[in-house]
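> Work out the full structure: start from the sequences and follow the hints.
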Amino acid sequence: MAENNSTADSKDVVLRSSIDRSLRHPVMFLFASGALWLVLSIVLGLVASAKKHNPEFLTCFSWLDAGKVDAAHMSAMIYGWGLQAAFGIIIWLMARLSRKECTASGIILWAAHVWNAVVSYGIIRIMMGEGSGVTYMEFPSEVWPLLLVCYTTITIWSLVQFQVRDAGHVYVSQWYLLAGLLWFPWIAVTAWVFVFLMDGHPLMVAGVAGWFKGTLFSLFFLPVALGSAYYLAPKVTGRPVYSYNIALFGFWSLAVFGPWAGMEKLFGAPVPQFLPYAGAASMILILIPAIAVGYNIIKTVIGNSEVIAESPSLRFTAAGVVLFLAFGGLSVLLHTVPALKLTQFTYTGYGFDILGLYGVFSLCAFGAIYFIVPRITRREWLSRRFIKWHFFCSIYGISSVVICAIAGGLSQGQGIEDLSQPFGTMAERASQFSWGVTLAWAFILFANFFFCLHLFLMWARLGRRSSHPTLLDAHHPTSPHGPEGEVDNYSSASA
Amino acid sequence: MTFKAFIIGLLATFGIPWLLLVVVPYSTMRSLGPVEYGKDSEFTGAFVPKRDGRIKEGSRIFGQEGCALCHTQVIRPTYAGNDVHRGEWAGLRKSSSVDEDTRRETIAQDFQQEDVAHIGQTRVGPDLSNFGRRLEHYLKLNKSSRTPEQWALMHLYNPKAVPRYEVPETGAQIITAWKSACPPKSGLFAKVQVNGAGYGNLPVDIEAGMGIKPSDRARALVSYLLSLKKDTLGNPLPDALNFNPKAPKSEE
Amino acid sequence: MDHTRDNPLKRFSAFWIAILLATSFGIALIITQPFAPDKTDKAYEMVSEGRLEIKDGIDRAQDDALNEAALAEALQAQAKSFDKNTESKGSMPVPGAAPTPSEKPAE
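In the order they appear, the protein sequences are chains E, A and R.
Its first residue numbered 9, the first sequence is counted upward by one per residue in our numbering.
Its first residue numbered 167, the second sequence is counted upward by one per residue in our numbering.
Its first residue numbered 74, the third sequence is counted upward by one per residue in our numbering.
No lab work stands behind these hints, which were simulated from the structure alone.
Mixed in with the good hints there might be a few duds.
Said to hold, decoys possible - List time: in silico DSS-like cross-link candidates among lysine-lysine, alpha-carbon distance up to 25 Å: (1) Lys395/A with Lys83/R; (2) Lys128/R with Lys216/A; (3) Lys307/E with Lys221/E; (4) Lys216/A with Lys112/R.
Claimed, not checked - Among chain A residues calculated to face chain E with C-beta under 10 Å, some are: (5) Phe172; (6) Gly175; (7) Gly181; (8) Trp184; (9) Met195; (10) Glu231; (11) Ala283; (12) Val290; (13) Gly291; (14) Lys326; (15) Lys345; (16) Cys348; (17) Leu354.
We put the CB at the ideal spot given by N, CA and C, even for glycine.
See the structure below:
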């Protein structure tokens, strides 16, 4: 029996490593190019934020004019970083969970290159002032079908892998990823048809673009982040998920409430009133999946504080899940009618969007990347310090962005609603808070510059060969990579 | 949960909001009827904002340049915000130079003939629903030597160089001391050699023999901005809340 | 590996099922949208009524002012000299034309 077990185990190990080998090129390319886009998008975000308190900043570069640089910043962050990181996670996770090797690595790698080219083209067109002019969908109209074709080429194989998986239990992460994979083309095709292809009422065009932006987060980025969190939490701690029923409940509550999101951006506009109210209601109800997921994952990892402290992937994932709970709570506060009235046209919306995109999705994605990359490169992360800088500067930065943007937005809204104050009062308050946002982006840039550097070093196979994973444990007086001289003794270790 | 049950569940939970939020409202709003001027107005027929040619191009440029990021174009009903009372965003107030209060909320037909309604994301700068009306009125009141086109072009080139006007709740029109936070749009202007009088260049002094020329995009954008006069000069539109005493009272 | 669940045929059908699912709402749009009500622009039609009235008035006035007899006479005068291949003297000088010997060149 023990013999059979160990044979089965070693077969499993061989299968897992062959899966990792089969998709190492596309996944590493996606992560590395995503990280580069992340750094670029943060630089653009810094410029955009700086122009809010120093309007003459970099006026000499017309392609960095305010408005265009904001659109370029968000587009780069979403389509350059967010989607590519999501692709890498989806491909690896679905292959591992379905226990199938990737047979289309070459095609995926090509499609990823084309994706990068198309996104670059879109960002350049935006900065030249030739975007679409539609807020929330600023890429020119021809970019969207290209992105959809690349998307399908990259992700269809994961859908096939799921369907040909071995018989047996389907894990909750697979449901999340499968749903995200289907939701994205559904919302993207609908939005592209109604915004660019058909000729509709201008208000509804704006509404559909807002719906696309809202559901892009709730129906794509969130499922990928949660699917990754549900995989890593039990995997790293070695304990099963606390409750499978709560996991399914969390998934279906997201499926029910998520698709209604987005139209709250049209609050007060002359559209049928139920549209923005439905959007606001959906954003309030997103607290329910947030509580379900948060409770489940926290109960899974609780009591294991050393593991959370030591493992980079678990630390980032846990932070992402906690921020998802904060996101849910804030969402309730910010989407009631009095709050919407106050904060609708202020920086609050931006801070909230960044909390979702960076605080929830990106932190969970970093956790997944810190887990996946050593497995596909067969090297360990080089520097504990880089990882710590990445973590702490990210946490500090995202908290500052969120606090400054949301508090600043409330103050702005108060200034605008108070009719005894001239407009200048509100504007001055806004520019003070934008200093905080700029500083916070500077910290996040620092964090991700080192993340990008670290990732590129791993991509160049300069990671260290070791049987010790790189842990963040600060207690060992010795090197984190194991006892000194271990590498020298490696060659003499028996097989 | 089987794959089939999952797919059916996903299609249902997505399909219903897809239909109710996106497809049906979009299709019905396409045939939104026009709103007609009220009985007592000087205009007859349908309310159609003048928005052809360069003005429509200007609307597209407004979106491309990201102006919608910092400027809104919606006067919200009072349950959603105080916009209709803030200054003269919603129209001109009754004063010694203005016969009637022309302020009103935004209606759906205000965005006719634009590709997308530039509702706006934030209010870093003021709301622009009635920018054209306000600008002409203030320049006339202050006997400014600038034309509205010149003011608008100067604002795009160097926002701090033009005076800003505001009408607070008290109604007295003032020139505000607070300087604009609008970042200059250098991409819309070119530095050119001045030949002759330099007609069409901006009234700024740079080096000798050089002038600042607005590009065609700048001119189209300014045409659009000056066409933003959504208060319909006080002529009552029955569907919109307004302060005009001649407006027909709503029956509800 | 369980060969009954993973074979090339299963992969082929899985691929097309996946494509179908991903494009399902796009297909729904293609099927339903042609039957959706057309975009109407009644405002444009209402405003064009006034515009067309003005145009009718102009057309009528121009028709009344058209003097067919005088027009035919003027055309006859032109037609007579067409085959002679020389310029017939018009009443207005052609801008930029070379001066004839009887005219002095401009200073």
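> If a hint holds in the structure, say so; if it doesn't, say that too.
Outcome of the hint check:
1. Lys395/A with Lys83/R: violated (63 Å)
2. Lys128/R with Lys216/A: It holds: about 19 Å lies between the C-alpha atoms, which stays within 25 Å.
3. Lys307/E with Lys221/E: Given that 25 Å is the threshold and the Cα spacing comes to 32 Å, the pair is violated.
4. Lys216/A with Lys112/R: holds (20 Å)
5. Phe172: At 6 Å from the nearest chain E Cβ, Phe172/A passes the 10 Å test, so the hint holds.
6. Gly175: holds (7 Å)
7. Gly181: With a minimum Cβ separation of about 9 Å from chain E (threshold 10 Å), the hint on Gly181/A holds.
8. Trp184: holds (7 Å)
9. Met195: holds (4 Å)
10. Glu231: At about 5 Å, which falls below the 10 Å cut-off, the nearest Cβ of chain E leaves the hint on Glu231/A intact, so it holds.
11. Ala283: holds (4 Å)
12. Val290: holds (6 Å)
13. Gly291: holds (8 Å)
14. Lys326: holds (8 Å)
15. Lys345: holds (9 Å)
16. Cys348: holds (6 Å)
17. Leu354: The hint holds - Leu354/A has a Cβ within 10 Å of chain E, the shortest such distance being about 8 Å.
The structure does not agree with the numbered hints 1, 3 stated previously, though it agrees with the rest.
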